[in-house]
Amino acid sequence: MGKPTRFKQKKKHYVLPEPGTTPGFVYIDANSLTPKISLYSFNTDDFKVVELANLKNISEKTADKSTFYWVDIRGLNSAEMFTVFSDELKIHKLVLEDITRTYHRPKFEEYEGYNFAISRMLNIAEDGGLDNEQVSFIQTKNVLYTFQENYEDCLDAVRKRLKDGKGNIRISGTGYLMYALMDMIVDSYFSILSKWSEDLDAIEDKLLARPDRSVMYETQMLKRNLISLRRVIWPERDKMNDILRTESDLITDQTKMFIKDAYDHCIQLMDMLESMKEIASTNIDMYLSIISNRMNEIMKVLTIISSIFIPLTFIAGIYGMNFAKQDPVTGKIMPGNMPELYQEHGYEYTLFVMALIAVVQIIFFWRKGWFK
Amino acid sequence: MGKPTRFKQKKKHYVLPEPGTTPGFVYIDANSLTPKISLYSFNTDDFKVVELANLKNISEKTADKSTFYWVDIRGLNSAEMFTVFSDELKIHKLVLEDITRTYHRPKFEEYEGYNFAISRMLNIAEDGGLDNEQVSFIQTKNVLYTFQENYEDCLDAVRKRLKDGKGNIRISGTGYLMYALMDMIVDSYFSILSKWSEDLDAIEDKLLARPDRSVMYETQMLKRNLISLRRVIWPERDKMNDILRTESDLITDQTKMFIKDAYDHCIQLMDMLESMKEIASTNIDMYLSIISNRMNEIMKVLTIISSIFIPLTFIAGIYGMNFAKQDPVTGKIMPGNMPELYQEHGYEYTLFVMALIAVVQIIFFWRKGWFK
Amino acid sequence: MGKPTRFKQKKKHYVLPEPGTTPGFVYIDANSLTPKISLYSFNTDDFKVVELANLKNISEKTADKSTFYWVDIRGLNSAEMFTVFSDELKIHKLVLEDITRTYHRPKFEEYEGYNFAISRMLNIAEDGGLDNEQVSFIQTKNVLYTFQENYEDCLDAVRKRLKDGKGNIRISGTGYLMYALMDMIVDSYFSILSKWSEDLDAIEDKLLARPDRSVMYETQMLKRNLISLRRVIWPERDKMNDILRTESDLITDQTKMFIKDAYDHCIQLMDMLESMKEIASTNIDMYLSIISNRMNEIMKVLTIISSIFIPLTFIAGIYGMNFAKQDPVTGKIMPGNMPELYQEHGYEYTLFVMALIAVVQIIFFWRKGWFK
Amino acid sequence: MGKPTRFKQKKKHYVLPEPGTTPGFVYIDANSLTPKISLYSFNTDDFKVVELANLKNISEKTADKSTFYWVDIRGLNSAEMFTVFSDELKIHKLVLEDITRTYHRPKFEEYEGYNFAISRMLNIAEDGGLDNEQVSFIQTKNVLYTFQENYEDCLDAVRKRLKDGKGNIRISGTGYLMYALMDMIVDSYFSILSKWSEDLDAIEDKLLARPDRSVMYETQMLKRNLISLRRVIWPERDKMNDILRTESDLITDQTKMFIKDAYDHCIQLMDMLESMKEIASTNIDMYLSIISNRMNEIMKVLTIISSIFIPLTFIAGIYGMNFAKQDPVTGKIMPGNMPELYQEHGYEYTLFVMALIAVVQIIFFWRKGWFK
Amino acid sequence: MGKPTRFKQKKKHYVLPEPGTTPGFVYIDANSLTPKISLYSFNTDDFKVVELANLKNISEKTADKSTFYWVDIRGLNSAEMFTVFSDELKIHKLVLEDITRTYHRPKFEEYEGYNFAISRMLNIAEDGGLDNEQVSFIQTKNVLYTFQENYEDCLDAVRKRLKDGKGNIRISGTGYLMYALMDMIVDSYFSILSKWSEDLDAIEDKLLARPDRSVMYETQMLKRNLISLRRVIWPERDKMNDILRTESDLITDQTKMFIKDAYDHCIQLMDMLESMKEIASTNIDMYLSIISNRMNEIMKVLTIISSIFIPLTFIAGIYGMNFAKQDPVTGKIMPGNMPELYQEHGYEYTLFVMALIAVVQIIFFWRKGWFK
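Chains A, B, C, D and E are the protein sequences, given in the same order.
The first sequence begins at 1 in the numbering used here and counts up one residue at a time.
The second sequence begins at 1 in the numbering used here and counts up one residue at a time.
The third sequence begins at 1 in the numbering used here and counts up one residue at a time.
The fourth sequence begins at 1 in the numbering used here and counts up one residue at a time.
The fifth sequence begins at 1 in the numbering used here and counts up one residue at a time.
Here chain A stands alone, though its shape is the one from the complex:
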């Protein structure tokens, strides 16, 4: 019976803007989390993290030109916070709207004095579906602002590298930091695909061993997941490409070499994904052919047994008839009207004829290859 419960996944339903809302309207979702704000300041030598209660005077706090800053914001439920962005930092209100409407595709846009980017952080949910969170980036010369919906994320490794000062991360500016975070997110897609690849293997094992209808449900669920993931990876690749081609001086050539690497990863992901989709389709074909074959097998059993015994039963029926002689004088009825019945060895002859018919049919079916 499979586990059809796995097929149906709960979905995150985004709150669509009320039609007619002013474009650039900053939407505060009442169910979203209150922001936790961490301010990382770092350069080659120093590293410091401060938790902020709010963003007031953030320009002053990030004014030191010899230091890079990362303002790590988790939770979007603060209209006041976005006022700082629009009024103090002069961020375009369409950007702020995109940050608060958390259903956007990955993209990269250049604005006067800053870049804006969106990534999507994915997780395999408990019910086998995909959790899908938006991560937004505002990158200026020496400050990177990131926005997440939830407190948990998969970016701790980058925070650790930043703290430990490993690699280029402290000295290569906000562009490289943004890259490092995006790359982390893309890397997590590999784990997801790798998990699904195992699921696909498991489905195939089942297909060979004992195919039941759960094969269909699970393959369909996998295909749906792949369709969802593809909707993220394609624009992710386009985003990387846009970053590669940007002439913004906020992205150094050094960083672009790394972006090229992330771009290659996206292509590799698409490659794996498309192959998995093709193989999943192939499995469905296989499953359908297995069903058809089973049908044939069932029908063969029915046909063989019916074809052999129905005629025999007919013969038995013949000799079970009660035809009789009626004495024309007395009107008395006596057996005797079916000569075969009273022949010596009539019974044995009949059994022999029946056996003969059965054998002929078995040979016929054998030669048709129905016993294979």
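Keep in mind the hints are simulated off the structure, nothing from the lab.
Note that the structure is a prediction, hence the values are computed from the model and not measured.
Treat the hints with care, as some may be off.
Heads up, the list lumps identical chains together, so a pair's fine if it works in one copy or across two of them.
Below, a list of computed lysine-lysine pairs in the DSBU-like style, where the Cα atoms sit at most 30 Å apart [to be verified]:
hint	residue 1	residue 2
1	K61	K256
2	K195	K93
3	K107	K166
4	K166	K325
5	K368	K166
6	K107	K195
7	K48	K277
8	K61	K48
9	K368	K36
10	K256	K206
11	K163	K256
12	K56	K93
13	K160	K93
14	K107	K277
15	K163	K332
16	K93	K256
17	K368	K90
18	K256	K332
19	K195	K277
20	K93	K163
21	K141	K93
22	K65	K256
23	K256	K90
24	K93	K166
25	K206	K93
26	K65	K36
27	K65	K160
Keeping the supplied structure of chain A fixed, place chains B, C, D and E upon it in accordance with the hints.
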């Protein structure tokens, strides 16, 4: 039995131009509505609406260079009105023909001194299909003319914003106003897709719980609706792109940033739509596999019962035969020619053999996994 | 049984050039019609039509620079006529070959001093297929030559407009006249699609009401027709695009605006056509699922009836057996070996057991949902 | 049963280069034919053919600048011949390798002082498959070398035109001659498609009249042939396009006009081919639906007959049972326990009930539409 | 039953980077092999091979500008070795990461002073799947470094050509050597496709002779293999194209001519591969139609036999009924209530009627064409 009535939708049949009509012929549909004309004049400080009986001297009424005007025309049944456009405003007659032939795809075209654009306003009809209305735009430096087929529309929110003076709408010129109206229409597509997404969920629930043939009808109707919508969204996206790339000075760079946002929305719509189409196809595959599985189940029941009882009935038939001895002398016929019948416990032995045959077959089918 | 006769359409088999024919060889099909030639001369004020017997001295007849000429040639069976074109008018022989080989795709080509174009004039034939005729155009500064295979065509409306002097047609030169003719032909495609759209509706009605195999035949025929039409519309669109991008001064910018309109029509046609193709495929899926469902229904009836009655018949068979006692002394055979048979109410008990079995099975099938 | 033998075609298995062979290695296939070499010299006035034993001093023999030469080589089995090309004529060894490895796609390449091109000459083989021969061209200013695998070809018409001096062929140089040969080969594709189009018609006739499984085999074979042909036509079109865009002065503008014509032919071929492929797929769908319909018909017959007679047989079985009374005193067994049996007209009543059941069922099936 | 074991192939599971790993981290797989390093030095006259224990001072060892060097590294398990590359040779750490993460797609990248490329070496594994090894290239002016995972490879033929000094290989520099190795790898794909083409032929033979479900398994396995191979060939082609378009002076124009040849090979491979995929799909269609046809055949046998014998058995059942007369006086029961039974020749008439029914049905089925 599903609700096949939902599958068949009434369609709007457009009146095609008589082949050979002069190109640029302004077609007045006798069934269309008489125009209601509202003239909005607005700038940063002022806002005024006047209802006009006709368009006479419209150039004079919209002559103030410090004010923007919106001529909101609903209903197209007035040849005289179009004469004003062709004679007084020098609008190209192909443009006027496109406005009156209300089956055009979304597009954007530049002309000497004005821009021309078409959007399509959609609504889910009572029968589950799509209502489809053409909205045309003629945009000059400080006047925007819009043309609709019906009196009702989904643009009241923009009218309210205009009146309330919220956002950029009063100060950003006719380009921004045109954008605001178009964006409104695109936003309404999201509601439509969102509604259909719920339908798709409902179909899936049914597919898991009690799939019947209505699954097929409803999925097909959904697919047809998606095909219709795609025919609108693709050219809509191209239109937005054409506006983005136009060098017309009637569209400011400021407005283009908003157009870029609407362009992104179109892509997102296409994305959602294509995913829904793929999932709908996936559901059809699933439904067909469910039908095949059911068939297998039905055939299994038939085969198991027939295969067990047909041979048993044959055996019963055998011992129901009337083979008899005939006294060669008296010619008298007496039972006695089928030795098994008169054996002690013959009946019990026979019953036992029958039970044995049944048990063997049940084990055979069990091992084939037919009882699962 | 549908109308399979509609599925098979007679086809026009073109005479392919004998392989190895000299390129540029002007082929005169013996079965083609003798040319009827009309010479239209027109300018803003004048309009005149003359029937010509042949094309001799055509250069002189069309020498007046203040007048435009249309040489309307219907029927291609005249080698002499093509000699005039090659010798007197210096038309490239590949052009003449293309005119006489009437199986070419729509195209537009520029030559030294003239343009060459091909359109395809379509008609729904009696048997439901497509009649397909080639119309060729040679356009010089002030003369337009058109070539058709048959005498009848769908261009009379243009001739009338020319005569009546309505619209631009008399004053806009040969480019506009060529456009008007081509546009006429494209317009006629709309009527064809509109007819097929009604056929598609009719097929759907049948699909819902009483689907039989004619659904399949008719859908296939429709798909084939759509495939044929697509082969015409795609290159037609490319042709329009080529005209739009030409730098030939024989096509004025004024005319190009009209060509753009015809280009839009082609795109709209392709749009409609692709949607219809998708819907036709969708109908085939639907029909196949209906067949499968029917199969299920048939099998359910068989299975229910067989499963109920076959076991009952077996029981009846049991008690129809003739097991008997044989007196060990006299060898006399007497009934009495099947105790149930002689029990009081044995018959009634048996009938009751049979009814019980039937009821249990009916409940079983009921719960499986087979009676729905 | 169709003619499955037609489905399986013998294939030409090319000898792949031993991996690791030096690039540019001239491979001499031991099974290939010894070359027959003809040297055509021609100009406006003269025409001469000489058979050559080998290519020694070919530069001298083709030195006259006022004459064009065609060196027509059929058979590739001569290492010595290729030495002349590499040493005396300085042809790049990769070119020579391509000539001897006869499995290359059509292509056109420019080299210092000469052009190199490949065409593929096709023939419908005896078994219904495609014979596939490589024709290679080396074109210098006034010499054209052609290489074929076999002695027979489809180019005699060109040789004749050359001899007769018809058309441009003697005066337009080696580029035009190469075009003429290539065009000939492309023309022969039309005959092939035309033959297959007739096959497709024949399949369709069969599909309507008496579809059996040969429909499937023949359609599949046709599809495979179309796939093979597509592999030739696509690169052929690209080749033509490459020639059109070449800046080599070995191809005159005059010749390019003819090449454009051949390019159009390739597009037309692709068009026809894709349509035929779509129609073939359509036929397979149709065939599968016919099989399903037949299945339904078969099952209907079975179900109607079984459903009617199985219950009737059960009733007959009931009254064939031997329930009896046993005298409690004598233990004597007498008939008499099944009251219906001894009722007057019991037999007739039973027959009537049976008839009633049959009639009710027939009405039931009739109303389900199973007799149609 | 086929050989389902062939369907399931073991897969190489790559170790994905731990998410959050520093980009450019050189990963040393503990299971990889310790490097074997061979240093080839060669020019027109000399050729020398030295086995090196490690890469220390490799710059000095390869310092002679008049000599080319090939550093052939097999086995990647040496962190120290990669330190030489990063510190002494200043290779970008992303390049080194790509070399150690052996799951990259073929690519070509230019860096300051060197080029980097990846090829994938394929082998048909024992279980019918594809073994897949990464070969990386770092090419400087006069040194080529290659990196492989395993000791065995398919490149010995190139080593031999290098030693023997055949062809261009000693004099054309590192670019040509890199080409020669890459070309070798591409050539090996031809052998793989050629092997699979034979498998496809074998499957087809089986399809015609005795199709069983192994056809399905084997075709699916083949399709999966083709999908895997396509994932290698497409980027391989792109790589070749990137090399063709590079402006790096490390790749000479002379070498590019050979690269063009390899590029053509890639296209040819893709061509063959896509055709094989199409044919494989075609075979699945065919197999499914064969299953359906078989089903029809099975059902026909069942239907013919059941339809003939079930009614006959019913008739026999009728005359096996025990209707009797009961003497109203004595209550004695005597046969006699079924007049047909006592008619003279009643039995023979009945047999005749049965035969008649059978014959009528056989004629009916015959005319339906069920015996064909």
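So, going through the hints one by one against the coordinates:
1. K61 to K256: Classified as within; 29 Å inside a copy, 34 Å across copies.
2. K195 to K93: Only across copies: K195 and K93 sit 28 Å apart there, 39 Å inside one copy, limit 30 Å.
3. K107 to K166: This pair counts as both: shortest intra-copy Cα distance 28 Å, inter-copy 28 Å.
4. K166 to K325: Neither: 112 Å inside a copy, 102 Å across copies.
5. K368 to K166: neither (73 Å within a copy, 62 Å between copies)
6. K107 to K195: both (26 Å within a copy, 26 Å between copies)
7. K48 to K277: neither (46 Å within a copy, 50 Å between copies)
8. K61 to K48: Classified as within; 12 Å inside a copy, 47 Å across copies.
9. K368 to K36: neither (75 Å within a copy, 56 Å between copies)
10. K256 to K206: For K256 and K206, the Cα distance exceeds 30 Å both inside one copy (45 Å) and across copies (50 Å).
11. K163 to K256: within (23 Å within a copy, 42 Å between copies)
12. K56 to K93: within (18 Å within a copy, 41 Å between copies)
13. K160 to K93: So K160 and K93 pass the 30 Å test across copies only (21 Å; inside, 33 Å).
14. K107 to K277: Result: close both inside a copy and across copies, 25 Å intra and 24 Å inter.
15. K163 to K332: neither (117 Å within a copy, 108 Å between copies)
16. K93 to K256: This pair counts as both: shortest intra-copy Cα distance 28 Å, inter-copy 14 Å.
17. K368 to K90: Neither way: K368 and K90 sit 82 Å apart in one copy and 66 Å across, limit 30 Å.
18. K256 to K332: Neither: 114 Å inside a copy, 109 Å across copies.
19. K195 to K277: Both. Shortest intra-copy (14 Å) and inter-copy (26 Å) distances satisfy the 30 Å Cα cut-off.
20. K93 to K163: between (33 Å within a copy, 21 Å between copies)
21. K141 to K93: both (20 Å within a copy, 26 Å between copies)
22. K65 to K256: Answer is within; shortest intra-copy Cα gap is 22 Å, inter-copy 33 Å.
23. K256 to K90: both (27 Å within a copy, 19 Å between copies)
24. K93 to K166: So K93 and K166 pass the 30 Å test across copies only (14 Å; inside, 36 Å).
25. K206 to K93: neither (53 Å within a copy, 43 Å between copies)
26. K65 to K36: This pair counts as within: shortest intra-copy Cα distance 25 Å, inter-copy 50 Å.
27. K65 to K160: Cα proximity of K65 and K160: one copy only (23 Å, versus 46 Å across).
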